[in-house]
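**Q** Below are the chains, spelled out letter by letter.
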Amino acid sequence: MNKLRFILVSGIAVTLSVFTLSAQSQSDMRLNELLIHNETNFEDDFGFHNGWFELFNTSYGTVNIGGCFLTNDPNNLKKYIIPKGDVLTQIPPRQHILFWADNNPYHGTFHINFTLEESDTIYFVASDGRTVIDKIAVPKNLGVDQSYGRIEDGIGSIDGSGEGWGIMPWTSPSTNNAGVDEESKSQIMAREDPGGWILTMTAMLVVFSALIILCFIFKFTGHVATSKQQKKSTAATADTEAAGTIVKETSAETYAAIALALHLFHEETEAHDHESLTITMSHTDRSYSPWSSKIYTLRQTPTLKKNQR
Amino acid sequence: MIGENLRQFWQYTGFANFEWTYLLMICIGLVFIYLAIKKEWEPMLLVPIGFGIIIGNIPLFPGLSVGIYEEGSVLNILYYGVIKGFYPPLIFLGIGAMTDFSALISNPKLLLIGAAAQLGIFGAYTVALALGFSPAEAGAIGIIGGADGPTAIFLSSRLAPDLMGAIAVSAYSYMALVPVIQPPIMKLLTTKKERLIRMKPPRPVSPTEKKLFPIIGFLVTAFIVPSGIPLLGMLFFGNLLKESGVTRRLAETARGPLIDIVTILIGLTVGCSTQADKFLQLKSVYIFILGAFSFMVATFGGVMFVKIFNLFLKPGNKINPLIGNAGVSAVPDSARVSQLVGLQYDKTNHLLMHAMGPNVAGVIGSAVAAGILLGFLG
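Same order as they appear, the protein sequences are chains A and B.
Mapping of the first sequence onto the numbering used here: position 114 corresponds to residue 114, and the numbering continues sequentially without gaps.
Mapping of the second sequence onto the numbering used here: position 251 corresponds to residue 251, and the numbering continues sequentially without gaps.
Treat the hints as calculated values from the structure; they're not laboratory data.
It should be emphasised that the depicted structure is a prediction, and the values quoted were computed from it without experimental measurement.
Just so it is clear, CB atoms sit at the ideal spot from N, CA and C, and this is done for glycine as well.
Errors might be hidden in some of the hints.
If you want the footprint, here are the derived chain B segments under chain A, 3+ residues with CB under 8 Å [said to hold, decoys possible]:
id, stretch
1, 97 to 109
2, 129 to 136
3, 212 to 225
4, 367 to 377
Residues on chain A that point at chain B, a partial pick, calculated with CB under 10 Å [unchecked claim]:
id, residue
5, S184
6, V206
7, L214
8, Y255
9, A257
Produce the complete structure using the sequences and hints provided.
**A** Below is the structure:
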């Protein structure tokens with residue numbers, strides 16, 4: 001039984017930990033935007049214009065992509081390993097990272113060993129070297145300085161079909177595809193509900209709804225508990241009545257026999273209700289304790305109040 | 001050389017950097033400490049906050065890495081729990097572990113009073129908007145009406161970090177002033193006959209019901225307002241620790257040493273954050289006025305709701321409107337106010353037990369309201 005319980009608990013713990021690990025991990029990364037023919041677009045640290053593509057972290061936790069792979073060859077999923085140990089491979093929540101497809105990996109972590117011109121599909125592969133997390137077919141009709149990306153960051157297909165992708169109205173390397181000038185929630189509220197009455201009504205409605213639901217649930221559980229309690233007390237009354245009948249039928253000799261049996265039982269097992277009150281005092285070698293010492297003044301020196309003098 | 005050193009040292013002292021605004025703030029800190037020690041108004045909060053105000057307003061030479069707003073200083077690190085909002089949920093854990101929800105479970109309709117009293121939050125929100133605050137700032141100010149310090153800090157750290165010091169000090173000050181603010185409003189809104197209403201004694205609550213309460217309560221509220229999970233989750237988790245009967249040690253830690261430590265840290269750092277140059281602004285004055293207003297509206301909402309609710313209740317089931325004020329949270333002070341005001345009119349009518357129902361419902365209600373504000377404005 002204990003073994004079964006151990007296996008069950010371990011199983012649950014392992015399952016939970018696996019889900020927790022994969023909840024905010026490399027699987028949250030998405031290929032997000034790419035540009036093949038770069039003539040006047042974004043240039044790299046060395047001043048070159050090369051094709052680029054962007055990865056986007058869809059999660060709300062930091063993801064380390066060190067050890068993952070990028071490739072354009074389905075038969076060689078480990079074509080380019082993203083170096084481990086580079087702090088820049090830790091992608092913050094909802095942020096982008098740009099890779100240069102310049103076939104020049106010696107220029108740094110973010111310069112890979114193939115180009116987009118020679119690629120039909122690009123793949124982002126997990127650090128196990130087998131699991132394809134995301135892939136996208138590279139469109140051949142893309143113009144100069146034109147980019148192809150997800151209409152909304154991270155939203156759309158991961159099977160290469162291009163669902164949710166399109167030619168972008170403007171390029172947005174390392175930033176949001178849908179534009180960065182979105183209003184905050186507070187600004188939207190200021191525009192749509194300047195007096196605050198809509199929010200007030202909505203919020204009070206929600207607070208009341210939540211507590212009304214709770215009220216009904218606990219009314220129901222209260223009814224169940226009360227009826228259960230009543231059943232119990234009815235049964236207890238019946239038991240007391242039955243016990244009363246037994247008491248009436250029990251003779252004095254029987255009581256005496258029970259009392260004697262209990263007395264003998266307690267004597268044999270040395271069970272007793274109260275401890276012996278004998279206090280034993282033994283001599284110790286240590287005759288001095290600072291707690292009662294006057295020189296350490298651990299006790300307050302008695303003083304006389306004015307009216308006692 | 002020595003003269004030059006002394007001159008340089010003088011520049012580092014508080015005297016050289018002194019401005020009258022710092023002295024004003026130090027005086028406010030001293031008043032807090034006086035009220036806490038002499039009047040015993042929320043001493044657990046006002047002593048750390050008061051002393052924190054004094055610490056935070058010692059004039060400093062900038063760049064010594066000692067001020068609360070200086071990156072990496074000890075106070076700045078302790079303040080992190082306020083900025084990132086992880087102190088308030090820990091306090092809620094302790095509150096959950098020390099709260100007995102029996103009064104609420106035995107009479108669930110009292111939950112609605114806790115909902116009605118949240119009117120204070122949204123009343124202050126609309127007035128703050130009219131005064132020119134942004135919706136996010138108005139939401140953070142409005143939450144003062146929830147009469148819940150940790151919730152106020154949690155929400156203001158998300159919606160209006162710049163106003164957090166003033167909001168926190170205002171929330172805690174008015175919580176301490178509950179016995180002063182509420183009774184006149186309660187008396188004004190009720191008739192003598194209503195004040196004498198005797199409520200049915202609460203039925204005994206079974207241990208199973210007590211165990212079910214935190215689980216069901218959390219599931220319902222969290223599914224409706226997921227943005228309130230940090231507060232609601234910790235509140236109900238703490239209560240489950242208390243009621244489960246098998247985690248006594250954890251419950252004792254949560255309601256004892258843990259909540260004490262976090263209260264010390266939150267009180268001290270919130271006090272420190274009221275540095276004169278950041279705190280003494282016209283906005284802070286508005287926040288204090290709006291805070292008082294929100295407490296009054298919340299009390300009004302709770303009492304008036306009971307009066308209206310009574311119209312639909314049978315004679316034997318009527319609720320004494322003097323417990324309406326307890327819906328504003330501020331556990332257990334507002335419930336104590338209900339008891340004291342009730343005793344003024346009938347020496348044998350003890351309302352404390354009944355008032356604890358809306359009181360703890362107010363805690364749930366204000367956490368739900370904070371979640372809503374965070375969802376709409378965060």
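**Q** At a Cβ distance under 8 Å, does chain A reach at least three residues of the stretch 97 to 109 of chain B?
**A** holds (count 5)
**Q** Tell me if A257/A is really an interface residue toward chain B, meaning its C-beta lies closer than 10 Å to one of theirs.
**A** violated (39 Å)
**Q** Hint Y255/A vs chain B: min CB-CB distance below 10 Å?
**A** Cβ of Y255/A sits 35 Å from chain B, so the hint is violated.
**Q** Tell me whether the statement that chain A covers the stretch 129 to 136 of chain B is true, taking a Cβ distance below 8 Å and needing three residues at minimum.
**A** Holds: 5 residues of the stretch 129 to 136 of chain B have a Cβ under 8 Å from chain A.
**Q** Taking 10 Å as the limit, does the beta-carbon of S184/A come near enough to a beta-carbon in chain B?
**A** Holds, about 8 Å.
**Q** A closest beta-carbon separation below 10 Å is what the hint needs, so does L214/A meet it against chain B?
**A** Since chain B brings a Cβ to about 5 Å from L214/A, closer than 10 Å, the hint holds.
**Q** Can the stretch 212 to 225 of chain B be counted as covered by chain A under the rule of three residues or more with Cβ-Cβ separation shorter than 8 Å?
**A** holds (count 8)
**Q** State whether the coverage of the stretch 367 to 377 of chain B by chain A holds or is violated, taking the criterion as 3 or more residues with Cβ-Cβ distances under 8 Å.
**A** Coverage by chain A holds for the stretch 367 to 377 of chain B (6 residues, Cβ < 8 Å).
**Q** Does V206/A pass the interface hint, meaning its C-beta sits closer than 10 Å to a C-beta of chain B?
**A** Nearest chain B Cβ about 5 Å off; hint holds.
Consistency with the previously given hints fails for numbers 8, 9, ordered from lowest to highest.
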